[in-house]
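A.B. asks: The chain contents come next:
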Amino acid sequence: MKDHLSVECEAILQPKIAARDVQVHYGETHAIKDVSVDIADNTVTAFIGPSGCGKSTFLRCINRMNDTIGICRVRGDIKLDGEDIYDKAVDPVQLRAKVGMVFQKPNPFPKSIYDNVAYGPKIHGLARNKTELDEIVENALRRAALWDEAKDRLNQPGTGLSGGQQQRLCIARAVATAPEVLLMDEPCSALDPIATAQVEELIDELRQNYCVVIVTHSMQQAARVSQRTAFFHLGNLVEFGDTGQVFTNPQDKRTESYITGRIG
Amino acid sequence: MPLIWIFASLLALGAVGYAMGRRRAVAVAGGDARRLHSLPNYYGLNVLLAVLVPSFGVLFAWMLMQPMLIEHSVAAGLPAVTAEHTLVMSDVRRLAEGLKTAIAQGAMSGDDMRALATGDGTIRAALAAVGVALGSEVEPVVLIAAQSYLAKTQTGDVLRTIVVITLAVAGFYWAMGQTNTAFRARNTVERAVLVMLMAAASIAILTTVGIVFSMLFETINFFGQYQIADFFFSTTWSPNFRGNSQLGILPLLWGTLYISIIALLVAVPIGLYAAIYLSEYAAAKTRAIAKPLIEVLAGIPTIVYGLFALVTVGPLLRDYFAQPMGWGESGSSVMTAGLVMGIMLIPFVSSLSDDIINAVPQTLRDGSFGLGATKSETIRQVVLPAALPGIVGAVLLAASRAIGETMIVVLGAGAAARMDLNPFEAMTTVTVKIVSQLTGDTDFAAPETLVAFALGLTLFAITLVLNVIALIIVRTYREHYE
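Which chain is which? The protein sequence lines are A and B, in order.
Numbering follows our numbering, with no gaps: position 13 of the first sequence is 59.
Numbering follows our numbering, with no gaps: position 322 of the second sequence is 315.
Quick caveat, the hints were computed from the structure, so don't treat them as lab data.
Fair warning: there could be bad hints in the mix.
[To be verified] In the DSS-like style, the derived pairs of lysine-lysine whose C-alpha atoms are separated by at most 25 Å in a straight line are:
| hint | chain 1 | residue 1 | chain 2 | residue 2 |
| --- | --- | --- | --- | --- |
| 1 | A | Lys151 | B | Lys368 |
| 2 | A | Lys168 | B | Lys368 |
| 3 | B | Lys368 | A | Lys134 |
| 4 | A | Lys144 | A | Lys299 |
| 5 | A | Lys151 | A | Lys197 |
| 6 | B | Lys368 | A | Lys157 |
| 7 | A | Lys144 | A | Lys168 |
| 8 | A | Lys144 | B | Lys368 |
Given these sequences and hints, build the entire structure.
C.D. replies: Take a look at the structure:
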């Protein structure tokens, strides 16, 4: 266990996100127990684990989306660039602009493709004029590998796109607000294999500019896209390490059982 | 056989048919229901339907047709077929009814009835004794016609009973004969149910068509007596039952629109804001209490709102706004009716909008929050646009209510037809005038009465156009958003 920790410290000299002893309660349910994790910048970190293990809940702590749920209480310490995000001085709305999120089901707004992407920049006043906004939208769509397909139909509703395109639109929408961290909550679970492959490729490219955290049910996906993997089980963080090591040489019995298909 | 007995025996035969059909199906299958194509119930229902549907169908058709045919043949026997034709026929009917009652009560026999003679007052006396009052002494032609009317009706009734009962029995035997293991009773019964559902749908549609046509005929009648251009473009409304009326719809339409617009200006913002608060901000507990409380407003009868307008809002507006500002002296005003009607409409807007806003998927809100939008930005830019088609529908529903409202206007805005911009003046609406033209001792041939139908049809056309506009708006936005 000691070896493992030291390996971890080497890998993450300055963690982008540092969580310490995080506890989450949904009413009476203790959903997250003592989770401490360091997430590095410019890396894809995957959260895996069986349903109900708390991986999505923990993800939603990082941009304080859990605040929108009345019965949810979060304790512990989560630091983004050394700053406590649960500090009273932090405005969760501002935080969410910095920590973008992509959801399980593609959820484009009932607006045009352009307005979907321009939504965040407009709210946060990122563009001084229309030309700048056009640029931001184009860049975001290019980054999400959607520009070529969408450039001729920017004024058409985003809901008219295919499922995979919708999910890439949602990624473009998140990218457009210039976040530092991208949280992805099972972004491919509603997509077919081809769309999944496109989104996975995209995730790998996004690593250049962002710290990406992805929750996934598919272990193959975690193995394909992530550099670091965290395994959650019943609200505990069981194991966290380099993806290759977690999948080939798990330290914990539970991780091994899950990966080989005996639990979960 | 009286009608009620026919009904009762048909129903009884149906019930017996159900039980026997069911039993027979089980017997045919040798007691093993699994060998049947359908469940035993369906065989029973099949017999029930075969008994009831044709017999009831013929019964109702007969009941509609018989009086028409008999009247036609009796009327042909009357010598002077004149403009008073309908009056004479109603005399014949009344006399026939009277004679029938007299026979039923035993005051005279059938032979007595046939032997009756006119001119000596015996008929009036005989009928008065059984409680049927005749206005004047019976004329010979009318008596003959009434006797033939009565005879034909009685023959018809007997024939009706025989035909209907025969049909029912025939249906019974036919359906029983069908019952065997291979007969697809379930499919037959389900097809019959489908036909019934279609009949229900067409009744609603046909009734609407019927209403429109009845209004249309009276309206055409009206325009035969009154210039169509004067009705639509005259700015004066002054009906006069001695004739020479001016029946311009414009002042009434103006009043209707003015009051409706004020009502919507009150109801739409308040209702919409209430809906947004309840669905997006209020805690579940608050919502559970507040929503039913708001909906109580919708349950208050409009006449109560009218009283509220008359005794509270009207004098209040007059004493504190209109009089000090020199805008008018009237206790009833467009403003009073508009405000009170607006309050009445709040629950229509809020309750529907609340449901619609709640139906907007949570994932859209999450998406917006996840981009760092505040709650109000999310509501304004994501939730409301997504809910817009439904909200437009709610507003237009409220608008049709406002246009059709009568009691609040009578008590709140008065009954004076006037075209004025001052909202503190008394004005009135189309609906109020429809009521006032049709109440009291009226002559249904005069344009002053018939104008009510023209007004009603115009109102119907306006609400129809409103609904069509609503549909178009909803459809365009739906294409845009979903």
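A.B. asks: List, from low to high, the hint numbers that the structure doesn't satisfy.
C.D. replies: As far as the earlier hints go, only 4 is violated by this structure.
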